[in-house]
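*Asks:* As a plain string of letters, each chain reads:
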Amino acid sequence: MIDHLVEKSIVKRDATGRLIPTHFFEGGLRLLGSVQAGFPSPAEEELIDVISLDKFLVRRKEASCLVRVMGDSMIDAGILPGDIVIVERGRDPKQGDIVIAQVDGEWTMKYYYKYGKDVVLKAANKKYPPIKPKEELKVSGVVVSCIRKYDK
Amino acid sequence: MTSNDSPITLSSWPNVVLHVDGDAFFASCEQSVHPEFKGKPVVTGAERNIVASMSYEAKALGIQRAVSLWEAKKLCPNLIVLPSDYETYSLISKRMFSIIRRFTPVVEESSIDEGYADLKGLRRIHRTGYAEIGEMIQRAIEQELDIPVSVGLGSSKTIAKLAAKHKKPRGFFAVPGYKLHQFLKEIPVIKVCGIGPNTEALLNKRGVFTALDYVRKSEVWIKSLWGKIGVELWHELRGEMVYKLNPEEKTSYDSITKSKTFTPPSNDYEYVKAQLFRNTESAFIKLRRYHLRAKRFMVFIKRQDFRAHGVESDLNRPTICPSEAFPLIENMLKDLFALKTLYRSTGIVLSNLEADSGLQFELFEDPLQMIKMRKLAEAIDEINAVYGKHTVHTGTGLYLGKTQRKNRFDDEKKVLPQRKTELLPGETFRQRLDMPMWQVKV
Numbered sequence: 001m002i003d004h005l006v007e008k009s010i011v012k013r014d015a016t017g018r019l020i021p022t023h024f025f026e027g028g029l030r031l032l033g034s035v036q037a038g039f040p041s042p043a044e045e046e047l048i049d050v051i052s053l054d055k056f057l058v059r060r061k062e063a064s065c066l067v068r069v070m071g072d073s074m075i076d077a078g079i080l081p082g083d084i085v086i087v088e089r090g091r092d093p094k095q096g097d098i099v100i101a102q103v104d105g106e107w108t109m110k111y112y113y114k115y116g117k118d119v120v121l122k123a124a125n126k127k128y129p130p131i132k133p134k135e136e137l138k139v140s141g142v143v144v145s146c147i148r149k150y151d152k
Numbered sequence: 153m154t155s156n157d158s159p160i161t162l163s164s165w166p167n168v169v170l171h172v173d174g175d176a177f178f179a180s181c182e183q184s185v186h187p188e189f190k191g192k193p194v195v196t197g198a199e200r201n202i203v204a205s206m207s208y209e210a211k212a213l214g215i216q217r218a219v220s221l222w223e224a225k226k227l228c229p230n231l232i233v234l235p236s237d238y239e240t241y242s243l244i245s246k247r248m249f250s251i252i253r254r255f256t257p258v259v260e261e262s263s264i265d266e267g268y269a270d271l272k273g274l275r276r277i278h279r280t281g282y283a284e285i286g287e288m289i290q291r292a293i294e295q296e297l298d299i300p301v302s303v304g305l306g307s308s309k310t311i312a313k314l315a316a317k318h319k320k321p322r323g324f325f326a327v328p329g330y331k332l333h334q335f336l337k338e339i340p341v342i343k344v345c346g347i348g349p350n351t352e353a354l355l356n357k358r359g360v361f362t363a364l365d366y367v368r369k370s371e372v373w374i375k376s377l378w379g380k381i382g383v384e385l386w387h388e389l390r391g392e393m394v395y396k397l398n399p400e401e402k403t404s405y406d407s408i409t410k411s412k413t414f415t416p417p418s419n420d421y422e423y424v425k426a427q428l429f430r431n432t433e434s435a436f437i438k439l440r441r442y443h444l445r446a447k448r449f450m451v452f453i454k455r456q457d458f459r460a461h462g463v464e465s466d467l468n469r470p471t472i473c474p475s476e477a478f479p480l481i482e483n484m485l486k487d488l489f490a491l492k493t494l495y496r497s498t499g500i501v502l503s504n505l506e507a508d509s510g511l512q513f514e515l516f517e518d519p520l521q522m523i524k525m526r527k528l529a530e531a532i533d534e535i536n537a538v539y540g541k542h543t544v545h546t547g548t549g550l551y552l553g554k555t556q557r558k559n560r561f562d563d564e565k566k567v568l569p570q571r572k573t574e575l576l577p578g579e580t581f582r583q584r585l586d587m588p589m590w591q592v593k594v
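Protein sequence lines, in the order shown, are assigned to chains S and Y.
Per my numbering, residue 1 is the first one in the first sequence, and the count goes up by one each step.
Per my numbering, residue 153 is the first one in the second sequence, and the count goes up by one each step.
Hints listed in this document are in silico derivations from the structure and should not be mistaken for laboratory results.
Glycine is no exception: its CB is placed at the ideal position from the N, C-alpha and C atoms.
There is no bait here: all hints are sound.
Taking lysine-lysine and the DSS-like style, the derived pairs with C-alpha atoms no more than 27 angstroms apart in a straight line are:
#1 593/Y <-> 94/S
#2 61/S <-> 593/Y
#3 132/S <-> 593/Y
#4 134/S <-> 593/Y
#5 246/Y <-> 55/S
#6 192/Y <-> 138/S
#7 593/Y <-> 114/S
#8 149/S <-> 593/Y
#9 572/Y <-> 541/Y
#10 319/Y <-> 331/Y
#11 55/S <-> 593/Y
#12 425/Y <-> 410/Y
#13 572/Y <-> 149/S
#14 138/S <-> 320/Y
#15 61/S <-> 246/Y
#16 593/Y <-> 122/S
#17 246/Y <-> 138/S
#18 127/S <-> 593/Y
#19 320/Y <-> 396/Y
#20 138/S <-> 190/Y
#21 134/S <-> 192/Y
#22 593/Y <-> 126/S
#23 61/S <-> 572/Y
#24 572/Y <-> 55/S
#25 369/Y <-> 357/Y
#26 593/Y <-> 138/S
#27 190/Y <-> 61/S
#28 134/S <-> 190/Y
#29 132/S <-> 190/Y
Looking from chain S toward chain Y, a few residues come up when the C-beta cut is under 7 angstroms (computed):
#30 62
#31 63
#32 65
#33 66
#34 67
#35 70
#36 71
#37 89
#38 90
#39 100
#40 107
Please build the complete structure, drawing on both the sequences and the hints.
*Replies:* The structure is reproduced here in structure tokens:
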């Protein structure tokens, strides 16, 4: 390969056999401008792995809706009257989920627990005892996040 | 075996079209976000004083679409009457279509509460039959949106639609090819989409009463009876797809119509013109919101005796500014307006719409003037976005009198949906979060 370059007079060999450039390089390359060396800006590549606040707060958008909280039964879970919770409808609740359910005709928001076949709904407020549905329980949605805005 | 019992096709699913149809859609949306209205007679349309949609409970009491609220309340004194909340209905509609899109990308949104989906080839992905996939879609919509829908499955759009209508509400009906003849036997021709009372009468005279009678006739016979559309329907009903799905999301309009009735009726030219110009401005606001421009204009005015007259005309180039169209519209109105006649409403239709992609100048035009007009329209939109629609309006609006000059905010407030009166922090009358508010008290 080097021999080939020497043959084409692109490089020459000096007496010690080291390569020296020929006129081929002199003035042959124009300076087109400076290139910033250093670290490439990471901003663009890193942004591929971020999610919007929307996606952070909402798991499945089609099934989600907003509910304005009125009661104080979940205050120890950090959900205060006036807060807005995002609720996913049509999802099966898991142990410890905060659910919106209809118990014997009344709507409520509570922790969901299942012991064997018995469902118990627990408030996050000592004022309210656990609810064991007598006749009918319909879990209509699972709370996925809570929004409170301070800026008016 | 008589010829009427022989199947039309032996193939189960030559094509697989799913039709989803919301049951009493608007009323069902209201019952979904207001669970306390479940199982009760609900109608929407309070802002127009007529029944726009009624729940099945209201339907059972004999309440029909388009009757006055006064009549509806006479039939059912404890009727729940709600103002139309189109924002919530559209949000739920969009969700319905995104749920269907989870199963297949080929979905046609034919209206707010109706759509088609192509399921062909999906059995392998979902590892189940077409009917089961249809039921999965129906279940997902019911569980996640809490609205009832009827679903039909067939080998063409026409059959899928007939199947969905077959067992409403919450119906599910699949018509595989080998059962098609049994299904069509139960369908009177009038039920087929595209056959109206006149065609029905014509067909009945020739001994065609059911959809099965129709497909048993020869193609030539149908063609000689009522031509191309008849032949298309003949193929569709035999499970051969003629009408293809249009799988684009509805983001655009074919035309924009704005019309308003005014009381009392008027024979004052300037007043009628002001009404028409106001409608024109409203239409252009909507046009610009969807980033469109219009070339064709149809103006109509309705007389007190409900007789309407209209004319249509084109500008030489599409525009986004009402001021560019006003001279043309005024000329059209002059053609229509007759002295000493009382008019009750005016209206305008913008059509030949296309995407607004900036200005293009042609020879002999005044570019400076056009740029100015465009800037004016943009400025008006910006101001009105903050202070409300029609805060800045054309001078003709002064003829409308004080009550109408500003928006009809106070008047409307009485019949506004909850969504627009109970705003969240940061929401405005004009813009709200893109999620339905579920009105449960917890």
